[in-house]
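Below, each chain spelled out in residue letters.
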Amino acid sequence: MQKYKLDYLDQLESEAIHIFREVAGQFERPALLFSGGKDSITLVHLALKAFRPGKFPFPLVHIDTGHNFQEALDYRDAMAERIGEKLIVRKVEDTIREKRLTEPKGKFASRNALQTFTLLDTIEEFKFDACIGGARRDEEKARAKERIFSVRDEFGQWNPKLQRPELWNTYNGRIHKGENVRVFPISNWTELDVWNYIRREKIDLPSIYYSHERKVLEHEGQLVAMSEFINLEPSDTVITKRVRYRTVGDMTCTAAVESTASNIDDIISEIIATKTSERGETRIDDKVSEAAMEDRKKNGYF
Amino acid sequence: MDILRFITAGSVDDGKSTLIGRLLYDSKSILIDQLEAIEKQSRNREDGEIDLALLTDGLRAEREQGITIDVAYKYFTTPKRKFIIADAPGHIQYTRNMVTGASNSDLVVILVDARNGVVEQTRRHSIIASLLNLPQVVVAINKMDLVGYSRDVYNNIVIDYSSVANSLGLKNVTYIPISALNGDNIVDKSEALDWYDGPSMLELLETVEVTQDVNLADARFPVQYVIRPQTEEHHDYRGYAGKVISGIYRKGDKVLVQPSGHASSIRAIESGGVEIEEAFAPQSVVLHLKDDVDISRGDVIVRDDNPPSVSQDLEAVVCWMDSKPLAAGDKFLLQINSRVVKAIVKEIEYRINVNSLQNEPAPGSVSLNDVVKVKIRTAQPVVFDKYRQLRANGGAILIDETSNVTVGACMIA
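Heads up: the sequence lines are chains A and B, in that order. Quick note: the first sequence uses the numbering used here, first residue 1499, plus one each step. Quick note: the second sequence uses the numbering used here, first residue 117, plus one each step.
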C-alpha cells in the first residue's frame, strides 16, 4: 500500500516542478527572480530538476539593492557560473540616479521600497511576461491570499479583490500586453519544509545561514549587522555575537538571530523549537504597519 | 508523512475562522509574534477577548469589515501529517471561492451552528462539495457550549444532515460536536462532550485515509514542455516533461499519444535527471518514447488500457465565476491541464439550484455563482475523463479570450 505513495517533500517538489514547466510552456519571456536567499536557491534547484539536461527557458534576474551581504553576492556569481545559466543584475543604485529617486533616510535606511522601481524597470527593459519568485504563503498574511499565478497590471500592482480563480492544477497565465504574472512555485511550502528539503537534497547555502561571529547592533530586540549602510548614533553600542541568518535580504532590513547552529540539523532543531515566525524575528521591514506587505504588493512588490 | 489538503466551509458566524485559529493555536503552529499581533488588534476591539479569527483574516479590507473576501491558505504540521487549509468564505456572492478552494481539496469541513442546525448555506456548501466530488466530508457541529453540550441537539442535526448527504450521494460523512471557541474536541477530547465517542477534529484529520483520491488505474500524462537540449552531448535527446496526473507508467509500457492516436512505447523515464523504472501519480517526470512521434504541449500520453475520451463534444456542469453573464453561443478558450482549445457553449441545458439541488429551466443568461449544465463544442479534440471518475482529467476551465480571466469551472460529465 505504501509503495505508490509520495512523501510530502516529494509531493511539494513535484508540484513546484509542474509549475515551473507551466511557466516554460505558457510564457514567451519568463525570468527567475533570484535574491541569493534560501528560497530562491531552492527554486534554482527545482528548476534544474524541471529542465535538465536542457537549459533553463529563462535567465536569473537579481535586483541588487547595493545593501546585500557580500556572501550572498559571491554565492550568486559562483552559482550562475557553476550551472552555466544567464544572470542579469540590475542595480537600485542606477535607478536612484537615473530616475532621481530620493534615498530613504534614518538609522536603517532601507532600499526595500525602492527595489520595486528597479524591478518594474527591469521587467519593462526585457519585456518579461512572467517573473518566478520564491514567496511562500506561510510567510505573511497577505501572501496567504495570493494565487500561484498572480497577475499584475502594467504598474506591477496586485489587486487582491480581482484575483483569478485558480482551479485544480490548471494555471491560466494569459495576459494582455504590458501585464505580467508573478509565479510562486513554492507557495505551499513552509519555512520548515524548505529547510527539510535543503537537508534532503544537500543544497549548498551561503555561509551566513550558519552560525558565525558578527558585529551587531541591538535594536528593539533585533540584532542588525554592522555595516556601512547603518547610521550609528552616539548611544549605540556595537557588540560581537554568534549569530546566523534565518532569512537573507538587505543588510538594513534583515536581522540576525543568536545561534550556535553550525549545520543543517541544528538549524532544523532550532526552527522546530522557535517561538517566533520567520518574518517576525528577522524582518525589520514588516513592522511598519499591520498591512505593510499588503500595501507593498499593491505597489508592485513581489 | 503525507499531505492532507482540506477546505473549511461556513460563514463568519459559524465560527469557521475561530476553528482554524484554534487548530493552528492548539497544534502550536502560531508563534508568539503572530499571537502578539492579534492580541494588539483584539485590544482595539470592544470586547477585548483574543479573537482567533484574526489569524485568518489577511487583508486590511477584511479586518475592517470583519469578513473574508478570498481563499486564504494556512499551513500546519503535526508529527503525522502536513496540512494545507483552504479557508473559503461563506457568503453567497463568493461561491466561486469555495469552488476554487474545494477543487484542490481531499476533504471538506462543513461548519454548522448548533443553535441553527442545517440551514440553506449548509445545503449550498454540501452541494458544492458533491459537485466537486470531494472524497471526505466532516460535519463540525459547532458552538455546542451554547446549547449546553446537548446530545439531543447534536443527534437531531445528524439526522437532518444525513438526509442531505443521502440526497447528494455524499460518501464518507463524519460528524463531530465541537466548540471552536473553547477548544472542545478540537485537539483533545472534551469532557463536556463525554457522550461522544468519536475522535477529536485533529485526530480525525490526522488519520483519515486520502490515498483513495489518487487514481492509480487510469494512466494520464499531459505533456507540458518538450526538453530538447540540442547540444553535442545530448544531440538526440527529446524528453516529454510533465506530471503523471493519474496511474502508473513503466518502462516498456505501450502508450497512445492523444488526440492524434499515435502508438508507441516508453523507452525511458527520468526523474530529476535520474532514470527510474516506473513513475506514478503525482510525480513530475520526463518520458522518452521508442518512436519519433510528433508530440507537443497539450498532448496527453496515455497507456493503451483504460483510454480517456477524445472528442470535440462534451457535456459539463459549469460553475460560472464572472460578473459578465454567460449565454448560449458564447465562445471561450477551454483549458484542461496543459491543453488549450477554442470552445463554444452550444446549449445551456438547465440550471442546478444550489440550495435545493433541483434542476430548473435554463436561464436566458447565466450569472455569477450560477451552476448550469451545458453542452460544449471545441475547435480541436479534447482528451478527457468524466470528472466523477477521474478528477485529475475531468476538470477544465473556461477563459474569456478578451479579458483573459478564468470565468468558468467545468466538471465534465
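Rather than coming from a laboratory, the hints here were simulated on the basis of the structure. Be a bit skeptical, because a hint or two may be false.
[Unchecked claim] List of simulated lysine-lysine pairs, DSS-like, C-alpha gap at most 27 Å:
(1) Lys1503(A) with Lys502(B)
(2) Lys489(B) with Lys1501(A)
(3) Lys447(B) with Lys1503(A)
(4) Lys287(B) with Lys440(B)
(5) Lys1547(A) with Lys367(B)
(6) Lys287(B) with Lys458(B)
(7) Lys458(B) with Lys1553(A)
(8) Lys1659(A) with Lys440(B)
(9) Lys1503(A) with Lys367(B)
(10) Lys367(B) with Lys1501(A)
(11) Lys1597(A) with Lys1553(A)
(12) Lys370(B) with Lys1501(A)
(13) Lys370(B) with Lys1503(A)
(14) Lys196(B) with Lys1503(A)
(15) Lys1584(A) with Lys1547(A)
(16) Lys458(B) with Lys489(B)
(17) Lys406(B) with Lys1547(A)
(18) Lys1659(A) with Lys447(B)
(19) Lys1659(A) with Lys1553(A)
(20) Lys1547(A) with Lys370(B)
Comparing the hints with the structure gives:
no. : hint                       : verdict
1   : Lys1503(A) with Lys502(B)  : holds, 24 Å
2   : Lys489(B) with Lys1501(A)  : violated, 39 Å
3   : Lys447(B) with Lys1503(A)  : violated, 40 Å
4   : Lys287(B) with Lys440(B)   : violated, 35 Å
5   : Lys1547(A) with Lys367(B)  : holds, 20 Å
6   : Lys287(B) with Lys458(B)   : violated, 36 Å
7   : Lys458(B) with Lys1553(A)  : violated, 31 Å
8   : Lys1659(A) with Lys440(B)  : holds, 16 Å
9   : Lys1503(A) with Lys367(B)  : holds, 19 Å
10  : Lys367(B) with Lys1501(A)  : holds, 17 Å
11  : Lys1597(A) with Lys1553(A) : violated, 35 Å
12  : Lys370(B) with Lys1501(A)  : holds, 22 Å
13  : Lys370(B) with Lys1503(A)  : holds, 23 Å
14  : Lys196(B) with Lys1503(A)  : holds, 15 Å
15  : Lys1584(A) with Lys1547(A) : holds, 17 Å
16  : Lys458(B) with Lys489(B)   : holds, 19 Å
17  : Lys406(B) with Lys1547(A)  : holds, 23 Å
18  : Lys1659(A) with Lys447(B)  : holds, 25 Å
19  : Lys1659(A) with Lys1553(A) : violated, 37 Å
20  : Lys1547(A) with Lys370(B)  : holds, 26 Å
Checked against the numbered hints listed earlier, the structure breaks hints 2, 3, 4, 6, 7, 11 and 19; every other hint is satisfied.
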